[in-house]
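**Student:** What follows is the residue order along each chain.
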Amino acid sequence: MLYLTTTDNWAFSVTVTVGAYAAQTYTNSASNNNARLASNGLLAYLNAAGRPWFGVVTWTLSSARSSTAGTRFTYTCGNIFTLNAGAATCLGLAAGAYAGAATSTTDAAGSWWPKVRPSVRSYARDLDAGDSSGTGATRPGSPGAALYKPSVEVIANGTDAARLSQALKTAASPRTVSVYQAITDSWLSLSLGEIQRSRQGVDYRFNLSCVGA
Amino acid sequence: MAGAYIESYCYSEGGSGATVALEANQSFATDTGVYVRPSVPQRFTDQLATWKTQLDAAIPAKAPWVCSYSSTTKRVTIASAGAAWAPALTLPGNVAVWIGWQSYTGSGAPHIYTGQYVPGARAELIGATIEVAEDWTQTELAQYRHGRANAVVWGNHQVHKVTLHGNLDAYESIKQGYLQSGRVRIYQDSTITTAYAVDNLGGYIDGYVIACGPAVEQGDRWWSWDMLVGVSR
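Note that the protein sequences, when read in sequence, are chains A and B. Position 3 (the first sequence) corresponds to 3 in this note's numbering; numbering is contiguous. Position 111 (the second sequence) corresponds to 111 in this note's numbering; numbering is contiguous.
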């Protein structure tokens, strides 16, 4: 899956009330500016020692692909709780009273979860070609500070392709993206440049021009 | 899937009920000097509804007026109530082509007018292939020292690659040009009356024609047109 930084207001506040405990309000840091960072920020807050239910109620977070190829989060605590609408736009969590778990009713902002996992390869430093002579060669840049240039490819169906276009509508500029690399079980934060789309029968192939730090 | 069609939006300079004819495809007049026109650009069928509303208001003695289009006969009909009074319609500019009439300014005509031709503003299609929207963005991926990069992006629309398939009637409509330029709405399926969205890929698209290729003859009385339609995001 893939999470874009978007122009939404990521400094949102959401108020959570668990059972008879006092209401708690989480304010997301504006630097947590994609759905992955914000959802994890909320989870950490809900399980932090400062919460009145700490030690009694434990929250867990899971995510799943929606029918429109976005991400739906589920927060579970096993107790009755309520949410206000503060996280509706960014995380898709609607205001309401919940019995044990709350699942996003709309796709999280900037999320893209194609059916086939994105291929992220060659996350390695890349130096341009330089000059050479009979006695040696000079390549531009510093090997230790050169850019990471992974290859990011996705095979997508029609719904996946439509969802990416929808998510890109609100992508922030400069455009950055958080991509999951399965082989290293890690998230890569990348600058997302040109996106090339080509038809592959009834599906699409996406080549994402990405550069990371 | 049934009933694909494309409609164009009419031109409008704004204002309604004016008493001067505009050399455009937005208005027509009766012999009583009443001009009817939408005050904003409107889709062909909406424009017909506006004409009817304005005629009903301007000439209530002959209301209810009829301004309609039949997707079966592919003709526009304009009529006033009562056979005793026959309005002679003046069609300034290209209105005649727009609605598929011969330009007519005479009198003594019957009170029901039905177009002789297919309108230039709408075409019934054999089918329409609309590709999933593609984000249309200019991108500058700037790379800096110490491993830093910024992808600056800007843009304001999405694009759909579209292929229209039509028979001779569609060919006659589309060749007039109104469906190949400006703002259009394309229904892939007339039973789906909601707009294209990620959860409604069969919905209609409503946007501006960025490019349109020539008619390509596919077979006996079957033509196709490749188009690029931009939709504001």
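The set of hints was computed from the structure by calculation and includes no laboratory data. Given the structure is predicted, the values throughout are model-derived calculations rather than measurements. Be aware that a few hints might be false.
[What the hints assert, rightly or not] Okay, derived cross-link-like pairs now, BS3-like style, lysine-lysine, Cα gap no bigger than 27 Å in a straight line:
hint, chain 1, residue 1, chain 2, residue 2
1, B, K175, B, K161
2, A, K115, A, K169
3, B, K74, B, K52
4, A, K115, A, K149
5, B, K161, A, K169
6, B, K52, A, K115
[Unchecked claim] Sample of chain A residues at the chain B side, in silico, Cβ under 10 Å:
hint, residue
7, T135
8, T138
9, L164
10, T176
[To be verified] What the simulated footprint calls covered on chain A by chain B, stretch by stretch (three residues with Cβ under 8 Å from a Cβ of chain B suffice, anywhere in the stretch; the number is not a length):
hint, segment
11, 55-69
12, 109-118
13, 146-154
14, 166-173
Glycine included, C-beta positions come from ideal geometry on N, C-alpha and C.
**Student:** Now tell me if each hint is right for this structure.
**Tutor:** Hints, verified against the model:
Taking the CA atoms of K175/B and K161/B, the gap is near 20 Å; set against the 27 Å cutoff, the hint holds. Between K115/A and K169/A the CA atoms are separated by roughly 21 Å; this keeps the pair inside 27 Å, and the hint holds. A hinted pair counts as satisfied when its Cα atoms are at most 27 Å apart, and K74/B with K52/B qualifies at roughly 19 Å. For the hint linking K115/A to K149/A, the alpha-carbon distance of about 24 Å falls within 27 Å, and the restraint holds.
Taking the CA atoms of K161/B and K169/A, the gap is near 18 Å; set against the 27 Å cutoff, the hint holds. Restraint check for K52/B and K115/A: not satisfied, since their Cα atoms lie roughly 50 Å apart, outside the 27 Å limit. Taking 10 Å as the C-beta cut-off, the interface hint given for T135/A is violated, the closest approach to chain B being about 27 Å. A cut of 10 Å between beta carbons decides the hint on T138/A: the least distance to chain B is about 16 Å, and the hint is violated.
Annotation: L164/A was flagged as interfacial toward chain B, and the flag holds, the nearest CB pair being 8 Å apart, inside 10 Å. A distance limit of 10 Å between C-beta atoms decides the matter here; for T176/A the minimum to chain B is near 7 Å, and the interface restraint holds. Requiring three or more residues with a Cβ within less than 8 Å of a Cβ of chain B, the coverage given for the segment 55-69 of chain A holds, as 3 such residues are present. A count of 0 residues in the segment 109-118 of chain A with a Cβ less than 8 Å from any Cβ of chain B is obtained; the coverage claim is therefore unmet, three being the minimum.
Counting residues of the segment 146-154 of chain A whose beta carbon lies closer than 8 Å to any beta carbon of chain B gives 3, which meets the minimum of three for the stated coverage. Check result for the segment 166-173 of chain A against chain B: holds, 5 residues qualifying (beta carbon to beta carbon below 8 Å, three or more required).
Checked against the numbered hints above, the structure violates hints 6, 7, 8 and 12; every other hint is satisfied.
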